[in-house]
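Chemist: Residue-level listing of the chains:
2 protein chains.
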Amino acid sequence: MVYNFAAGPAMLPIPVMQRVQEEFLNWKNMGISVIEISHRSKEFEALVDETDQLFRQVTGLPDNYEILYCHGGAQMQFSMVPMNLIHRKPGKKALYVETGNFAKIARVEAEKFGNIKVVATGVANNYASIPSLEGVELDEDASYLYLTSNNTLFGTRWDSFPDTGEIPLVVDATSEILGRRMDYSKFGVLFAGTQKNLGPSGLAMVVARKDLIGHALADCPKLMDYAVYQKEHSMANTPNTFAIYMIRLVLEWLRDIGGVDFIEQQNAAKAKLLYDYLDSTDFYRATALPGSRSHMNVCFHLPSEELLQTFVKEAEKQGLYALKGHRMVGGARASLYNAMPIEGVQALVNFMREFARTRG
Amino acid sequence: MVYNFAAGPAMLPIPVMQRVQEEFLNWKNMGISVIEISHRSKEFEALVDETDQLFRQVTGLPDNYEILYCHGGAQMQFSMVPMNLIHRKPGKKALYVETGNFAKIARVEAEKFGNIKVVATGVANNYASIPSLEGVELDEDASYLYLTSNNTLFGTRWDSFPDTGEIPLVVDATSEILGRRMDYSKFGVLFAGTQKNLGPSGLAMVVARKDLIGHALADCPKLMDYAVYQKEHSMANTPNTFAIYMIRLVLEWLRDIGGVDFIEQQNAAKAKLLYDYLDSTDFYRATALPGSRSHMNVCFHLPSEELLQTFVKEAEKQGLYALKGHRMVGGARASLYNAMPIEGVQALVNFMREFARTRG
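Residue numbers (the working numbering), protein chains in the order written: chain A, 1 to 360; chain B, 1001 to 1360.
Relax, there's no trap hidden among the hints.
Among the chain A residues that face chain B by a calculated CB cut under 10 angstroms, a handful are:
1. G8
2. H39
3. C70
4. I105
5. Q195
Read the hints as simulated data drawn from the structure, not as lab findings. Where a beta carbon is used, it is the ideal one built from N, C-alpha and C, also for glycine.
Chain A with its partners taken away, still in its complex shape:
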């Protein structure tokens, strides 16, 4: 048994993986694979409809939101968000909160298309906490306010989302979509790369309030325009059919084990197990501050770079895979997405305790 703590592409639910394997050569008794059928076949169109319905059922997404399956993963959204939204108001202005590396990349990209203002940043404490928007005046003529809901690299999350009034809130939820209950009516656009809680890589799932669709820049490339995805039900050209197929299975699995409320409790319990241990020892040090701690990515440091290398190697030998932190942050990182069972976290804590005992 291997527990895979990779930050993404990441561990997927075992029953889903087994089912994909079982039916890989013969989907729905058609004698061919799901990856070999036309995206325009009635069978695949039904699959996309089912995926939409399951997502709405599991998340409670309101009817005035469209679901779009967009090419390119989350980073393509760093371009698509401004290209589709910034033009809505004459000032072409957008507000960004910088809570980590991906928020920064998104902000730099948006600067190509309009006037970007950083309204808060966590850079002062190296992104160890989410900066507060309390008392920050938000320009009411802004086209949107952008934030990253969970920061994969630095292991932080917004415990609650800010109230942005009439300014549409745009959220990169790549590393915690489906991981916690969210009130989607608060969002203008929410997007997620699929390779963490949704399925394999190479796609983004985007939910957009319908009134925000249809405002793309005049020379917007066809497959960057939300309106094209809306009009063609994400089939303006061939989408990543394997990813959509797997998202459908993951959503069904999530619904059947108890839905988002159940998994949110599970995720909280998993994170608590690890943070409680981290806070109980001086050998390891959690990097994210209480109040901003991610339930999806737990980052921590060891006393030395040498010990870190040994830690990662020995963990791997014991079936605890991919614990190395991101090169920008250093240290270790355990990603505990929906598919990670609590037994995996317990195995990790046991290993960490033993490692600290013998090396500390």
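Model the placement of chain B on the given structure of chain A, informed by the hints.
Modeler: Below, chain B alone, put in the same frame as chain A:
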């Protein structure tokens, strides 16, 4: 046994499909799936290197060409080609040959970014043949000349590619990449959506002459810029890892059965079998004219719409899947990509003969 004649996503080689299934839960004895590992792991980086090397080995791609794995399939290239190339010369001019629907969509998209001139079109005979460029004067200040090497909808192909002199030739080879020997040194850029001869959908493989990279428009979205893909070895963000993994297996399969020269002969024999039968009967009528006939997509008509419907349904009952033509063209279409064995074409011809005998 099902023979799948879908135009794409399409049939993939059986040994490749079986191997994917076998190792789906446990890749390289790591205890996890290839879709669950980081694109930045040494194992996945090695996989991308191997894919590059196999492609170079199989196609003879010269060293002054870069291989890029781009998001969004072939249609994203309809935008990326002008966004990356049209700016190279002050007139922002490009030449397009319209040989079918996808060439037209590409031309319409390119008009957003520069001055587009259609130098030849097959519209007069409903794209039943490839128009000649003999005697057509090509503007020497054009940034590139664009054509579609094989037209999936209309079942035509360029038997040989035109000499465009100093003007870089850009080729959409989506539906025949790896299907025939090509002299890549004649191309500026060649691209292909992956869902026909390469693997599953949701990616494009792009080969670009190195001197043509680095000329993107100033406000080019990050993931539309060839230079970004070149610099980051297509890992500026998480690529479609499953597709790259499968392309590697498909390339290995192709190399091991005899390479492009072998498969080109096979494809010619398959196409000849079907065209010879079509030309021998009055019941069916091939739509593409001799001299322009695709070896990948064979399009034909039946005497009536009613007979067509019956034909498609009865064929499916006999395991001959997805023979309906594209809605824009009507009629029937048999796609005979690399993975289709000649036995499949023989089974189709046998069925067609029997169908004509009983219904003709």
